[in-house]
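S.K.: Mind docking chains B, C and D on chain A? Use the hints.
Protein chains: 4
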Amino acid sequence: MAGSTYGTLLKVMTWGESHGKGIGVVVDGCPAGLPLSESHVQEYLDRRKPGQSKFTTARSEGDRVEILSGVFEGKTTGAPIAMEVRNMDQRSHDYGNIMDVYRPGHADYTFDEKYGFRDYRGGGRSSGRETIGRVAAGAVACRLLKTLGISVGAYTRSVGEIEIDYASFDPDEIWRNRFYMPDAEAAARAEACLEKRMAEKDSCGGVVECVIRGLPAGVGEPVFEKLDAGLAKAMVSIGAVKGFEIGDGFAAARARGSENNDGFALTARDQEGNPLLKEKIVKKTNHSGGTLGGISDGSDLVLRAAFKPTPSIASPQSTVSRKGGETEICIKGRHDPIIVPRAVVVVEAMAALTVADLLLLSMSSRLDRIQSFFGR
Amino acid sequence: MAGSTYGTLLKVMTWGESHGKGIGVVVDGCPAGLPLSESHVQEYLDRRKPGQSKFTTARSEGDRVEILSGVFEGKTTGAPIAMEVRNMDQRSHDYGNIMDVYRPGHADYTFDEKYGFRDYRGGGRSSGRETIGRVAAGAVACRLLKTLGISVGAYTRSVGEIEIDYASFDPDEIWRNRFYMPDAEAAARAEACLEKRMAEKDSCGGVVECVIRGLPAGVGEPVFEKLDAGLAKAMVSIGAVKGFEIGDGFAAARARGSENNDGFALTARDQEGNPLLKEKIVKKTNHSGGTLGGISDGSDLVLRAAFKPTPSIASPQSTVSRKGGETEICIKGRHDPIIVPRAVVVVEAMAALTVADLLLLSMSSRLDRIQSFFGR
Amino acid sequence: MAGSTYGTLLKVMTWGESHGKGIGVVVDGCPAGLPLSESHVQEYLDRRKPGQSKFTTARSEGDRVEILSGVFEGKTTGAPIAMEVRNMDQRSHDYGNIMDVYRPGHADYTFDEKYGFRDYRGGGRSSGRETIGRVAAGAVACRLLKTLGISVGAYTRSVGEIEIDYASFDPDEIWRNRFYMPDAEAAARAEACLEKRMAEKDSCGGVVECVIRGLPAGVGEPVFEKLDAGLAKAMVSIGAVKGFEIGDGFAAARARGSENNDGFALTARDQEGNPLLKEKIVKKTNHSGGTLGGISDGSDLVLRAAFKPTPSIASPQSTVSRKGGETEICIKGRHDPIIVPRAVVVVEAMAALTVADLLLLSMSSRLDRIQSFFGR
Amino acid sequence: MAGSTYGTLLKVMTWGESHGKGIGVVVDGCPAGLPLSESHVQEYLDRRKPGQSKFTTARSEGDRVEILSGVFEGKTTGAPIAMEVRNMDQRSHDYGNIMDVYRPGHADYTFDEKYGFRDYRGGGRSSGRETIGRVAAGAVACRLLKTLGISVGAYTRSVGEIEIDYASFDPDEIWRNRFYMPDAEAAARAEACLEKRMAEKDSCGGVVECVIRGLPAGVGEPVFEKLDAGLAKAMVSIGAVKGFEIGDGFAAARARGSENNDGFALTARDQEGNPLLKEKIVKKTNHSGGTLGGISDGSDLVLRAAFKPTPSIASPQSTVSRKGGETEICIKGRHDPIIVPRAVVVVEAMAALTVADLLLLSMSSRLDRIQSFFGR
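Chains A, B, C and D supply the protein sequences, listed in that same order.
Start counting the first sequence at 8; every next residue gets the next number (the numbering used here).
Start counting the second sequence at 8; every next residue gets the next number (the numbering used here).
Start counting the third sequence at 8; every next residue gets the next number (the numbering used here).
Start counting the fourth sequence at 8; every next residue gets the next number (the numbering used here).
FYI, nobody ran anything at the bench for these hints, they're computed from the structure.
It is possible that some hints are incorrect.
When chains are identical, the list treats them as one kind, so a pair holds in a single copy or across two.
Stated by the list, open to error - With a straight-line cut-off of 25 angstroms between C-alpha atoms, the simulated DSS-like cross-links for lysine-lysine are:
hint, residue 1, residue 2
1, Lys153, Lys208
2, Lys287, Lys330
3, Lys82, Lys153
4, Lys330, Lys208
5, Lys339, Lys82
6, Lys82, Lys291
7, Lys330, Lys291
8, Lys82, Lys330
9, Lys339, Lys28
10, Lys153, Lys330
11, Lys330, Lys285
12, Lys330, Lys203
13, Lys28, Lys287
14, Lys287, Lys208
15, Lys208, Lys339
16, Lys153, Lys287
17, Lys291, Lys208
18, Lys28, Lys82
19, Lys291, Lys339
20, Lys339, Lys203
21, Lys203, Lys285
22, Lys82, Lys208
The shape of chain A in the complex, shown without the other chains (with noise of 0.2 angstroms):
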C-alpha cells in the first residue's frame, strides 16, 4: 500500500532512502502562480540538515534540493513539483553491524516483517532522512499559506524535563540557541543535559511546539476530516513522535467544563490592535487550541508533538539477530542525542501541508461563495 503519499488536494508523495543514490518528494496540486525557487526550499532544508551543531550528526551533506519540474518563469504552473536532494556522504560501511543484528527502538525488525528483507545502510527507508521530502514540500506548503496571510512556527517547548518559561517567552531566541527554544534560559540548561546524556552514551526526548496564525475560520471538516484529526496524523506520521495535543491536550482531561471552555466576546481590534471596520467575534481564551467540532475558530492553532529519546545509543543493548540468537548492540557511528532541533521544522512542514490541503478543501462548503467564484 502506499504509505508515502500525503494530502487530497495537495498530495505529495516522498521517495529515497538514506544510503541510496537521493531523496525526494514531488508536490502534485500546488495552484499555479506562486513564487517559488531552490532558495525558498533550501532555507527549509538548511534547518534540519545535519552537521549544525555538536547535537547534531557529523554527516556533512550538503542537502541541496534541485527542482526539477512545476515551476516555469518563477512561478508554479499548476504541475507536479519534483525536488530532490542527491545523497553524497554515504560512508555505509558504518553500518554493516546492524545488517543482521535488530536495533533496538528502530523500525528493523518489523521491516523485516513487513517486507521479507531491508535496506539496512542507515535505517533505509526508515531513517530520519525520510524526512527531507516531507521539509522540501512543507516549504512548498508554507510558502503558500504566507501569501494568503497565515504563519507556521514551531519551537522547542521542552528537552527532556527541562520546559521553557511561557514568562520569558522570546521569539527571537528561537533563531538564537541550538533548540530553537524560546528562552534562553532554558536553553542553556537543555545543553548541560545533553552533554551530561551524551557523556553517559544516552540520549534525550523533548517536545515540539507548533502555531499556526492567520488561519480563517472554517477549515477542517466535521466527524473524520477535522483539522485537528489531521494535524495528529501529520505528527505521529513523523518518525520518534508518541504524542500529540491540541490546545490544553491531556491537561484538558483534568480540568473542569467552567475552566476549560473558551467564552465568546466582540472585539473592534485586529490581533495587532488596529480598528475595524466590524465588530467580530473572538474568543477571550484559547484553551481548545484553535478549534472546535474539529473547526478552526479563527484564533491560534496550538498544537504540540512528544519525541521520545534518539533510539541509538552507544551503551549495550539486548537484541537478537535476524539469523536467530540472542546478544548485545552498541550503536556506533553518527548519531544525534536528541532528535528534537532538527525535528522542528519537520513539525513546520506537516503542520502547513496538512492546513493548506484542508484550507483549499475548505472552499467547496458554502453554495453562495462557490457561485460567486464562477460568476453565477
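M.R.: Showing chains B, C and D alone in chain A's frame:
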C-alpha cells in the same frame, strides 16, 4: 469536502443529525463471509446509549439498529452494509435557546462560519449522537478482527484527577462500574467526584486507554500511513478528544533512550504461556506501545485519548449572539457531566476500524505472499 | 475494497440489493445552502422506475425516496445527505431457478468467484436496481450544477441498428416517446424493432448520448484526472456499458488532423446570441466534444455510452451449474427487452456527479483566485 | 487538485514537462521482493522513444531512465521507486511561435484558462513526453503481473481507415513493422497511407487494442470500481484518446442478446490445451471482453482505445492569439504524423497499472482467504 468518510479498503460513511430522522452508516469493503446480525451491532450500540446511569443523559432512545443491506443468510456478502438507527425522542423544543447563541466549547460558531447556517437542534451533525455511526461500523470491524484472532478493548484510565492504579488492574471490573474503569476503588472515587461536579453545575474530563491484542507484526505503512499515525487521527476525530498517546506517549519525551528502548529477546512460549514450535522474537518491554517505525511489532498496541470536560454546563458563560451582541448562556437540558464512559466504546470502534483497514492493506506488502495467495 | 464509493469532494456511497430491504445512497460533501427536497430527487427516480411502458419491467415498485439527513429548513447543511428507497415488491420466489445456475451475460459467476457465495435474489447487488442510488445522488448533483448555470441532458441516440437523424433532432420529442429519443420517426421504428425482438424472445442494445451545457473552461485535471477520463469511468461503471466516446470518438481515429482539429475564433455573442461585453474565444467546430487536454474548453460536452442488449432473455442458453454439470437456462420473470430507456437518467446522473466533483476540484487551480476567495 | 496521481494500492505520481529538466515518476506501493533493474524499465521506454522511424519525431533523446530509490540488491524493497529521465535535446527556440497563439487540438487554450499562464515550451506538461512517467511505472506493473502469470500485450488495430485482418493475425509481426501491427499486409498499406498524409501536411489517427491474459476471475469491484470502468479511465486519460471499448464495445449495442451473451461450459483443458486436474468453468465465446458485472471472468481481457489524429499539422489553421485577435498558425518542428505506434506501449502501461492495482485490491474480498493468508 467529504469529511464523513473513513478508511481505504474498509471504508465507512456516516450520516445523521441529533434531531433529524436518524443516524446511520454504510460500511463498504467488508470481506464476504463474516457472520453478522443486528444483535452483534446492538451490543456495541448499547454501550454508548444514553440513560445507562445518572451520569449519562436521560434521553430515552432505544437506539435500535437495522441492517438494510450487505448481509445474506447471516453472512456478509461483500456488498456495502447499510445500518441505521431512527431517532425517536427528539424533544427539539429543548434547544430553542441555542438557535442564535453560540455555546462555548461547542461547534455552533464554527459551523455557522463554515456553512453559513446550521441545524441547531441538539448540535445537529456535531452532536455526540454522530458516534452511533462510528460504533455500528466499529462493531463490524471488531467482529472481523475477532475472526482473525485480534481483540480490541478500551476502558477508562482516568476521570478528572482520579487515575486507575495498575497494581490493582482488574479486567472484569470494567464491566461492573458505570465508568468502565478496571479498578473498583478508583471508580468509587470517580463517582464521588462526579456527584460533586454535578452539584456545582460543572463537568469533568478523562482519559480512555485502549489495548489491541493479537495483531501480527507488519501492519502499518511507513512514512505517512503509520499505524500509530492512523490511530492518532482516529482518536482525535472523536469529538472532545484533545490529546493522543501511544505507548509511553509524552512520558517518553522525558525519558532517556536507555530507558525508553525496548530490548529484543527470544521466547519459546506464546502470550498464554503455551510452548511454541519455533522460538520467536519478542520485546522485553513495551514502551513503544506496539509499534516500531509505525509498523506493528507483535506486542500489544496500547494507546490513550484525552477527553475534555463536557462543554455543556448549567453555570452561566459569556458568549455572543449570531445576530450581534454579547450575552450569557446557561445550558439547560440533558447532558452527561462527563463524556468518557460512553466514549469508551467509541474509542474501541475507531481503533478497530483503523486497525482492520491497515491489516487488509498490509496484505500486499510482499511479493512472495501475493504469489502464494494467487497460487502462482 | 470499497467499490461502491465515488467522487473526491462530492462523494457518494451507494448500498442495497434487488431483493434486500432497500436501496440507498449517502452524498457526502454537497455544499451547504442548496435548496433540496424529496420531490427534486423523486423526479429523477421516476424516470428510471420500472413499469413505465411495455418495454420496462412490470415490477410495481413505487420507488419512493426518503431523505434522512443533511437537509434543514429546505436547504442542504453541508452534512451527508442520506437517501433511501425501501424495496416493496420483492417476489423472491421468481428467482429460485438462478440460485445454482449462472446466467450468461450476468455477474452470477464472477460474484461467486469473488465472494465465495452470492445473494442470488434478482441479481442481488449486481441488479440494475443498484442504479437507484446513483440516480438519487445524481439528482442532487444536477440540482447543484443548475444553480451554477450548468445543464446535463441525455437521450437515446440509437436502439439496435436504428439511429436518430440529427437533421430532425427535436429536444421536446425526448419527453414524448418511451425511448427518450429526440426523433419521433426513429422512435417509431425502434418500437417496431423492439416488438419483434420480444416476440423472438430476444433483446436489444443501444447508445445513449449526453450533452452538458454551460460548463466553464478549465474543469478537469491534467494527466490522470482528465474530465473525459472521469466521464469514461463514470459511464463504463454503469452495468451493461461496453463503450464510451467523447466528441467524435472512434470516428476521430479514421479522420484527418485537418478535419478533426477545431479552429479557434473570437465571438461577440453568447450561446443564446446575446451581445457580450467583451469578445470571447470559441471553437468553430466541436469535434473534441468539449475538452482539450482533458480540460473543459467552454463548448458543450458531448459523450456517448454503448449499452449491450439485456442479457436476460427467454430463449434457452448454454450454461453450467455451480454444483457442477453443464445445463440450459431460460430466464423467466420480468425483464426489460432493452436497458437503454431507463438508463438515460442513469447516464445523466453519472455525468453530473463527475462534472460537479471536477468543478469543485477546479477551484484550487489558481493562486490569484484562491487569494480573492479568501479576501487576501 | 492532484491530477498526476493514479492508483490506490499501487500508486504512481508522474511529473515533468517537455522542455523542463526531466520527466519522472514515483511508484508507491510496489510489493517487496520483485526483481527490478533499469534495463527492465528501459526496454519499455525504448518502445515509446522518438526517432524510431520516419513516422516518429526526429528528436534525439536517449530517454535513459535512472532508478533512484526503492530497489536494493536487485529487488524492490516496498519503498517508493523513483525513476527519472533527464531531458537532453530541448531546442526550445522551435516553440517560440506558439507562445501566444493557441494551437487547435492542443491544450494550450485550456491550460491558460485553468492556470492563468502556461509553460508553452513544447506543450509543457500537456506534451506527449508526459507519458514517459506512465511507461516507466507501467514497466514495473508489467513485471509484477508477469510474476503472477499475467501478460499484457497491445498492438495497433487500425491506422486511419486501414484495419488489421484477424484471419491473418500474426503476433510475431507486431515486432517487425513500425506500426506494431500484427498483420504485415495491413502495415504495408498503413505505411503508404501515412506517406501520403505527410505529403499533404496532414495527420492520421488509429486504434490500439490490448489483450490481458492469465488474470484470475474475481478482479474488479462492483458498482464504481469495475475493472472495465478502471480501464476506461486509464485509456481515456492518455492524451488524444477519444473512445474506449471492452469486448464487442459499440458493436454490442447493435447486437441481439442471444448473440452477445457468452454461454458457459465446462472444460478439462487449460488455455494451452494441457489436461487439468479438475474441470473448470469457461465461457464459450468472449463478447464480453473478459468481464461480467465489471469483474474479471477468467477469459482474456480485450480492450480498445481510439486515438485522434496528431493535432500538430503543417497546414494553416484558424486560431486566436492570447493577446486578442484572430490569426492563422502552421505548426513547425518535429511531430509524428500519427500518435498510435508510440502509444502502443502507453496503452500497455496504463492497462497494467490498472489491472495490477485491482488485483491487489481483490485480495481482501473473502474472509476465508484472509484468514488463511494470516494463518488463522
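S.K.: Hint by hint, work out which the structure violates, then give me just those numbers in ascending order.
M.R.: 1, 4, 5, 6, 10, 12, 13, 14, 21, 22
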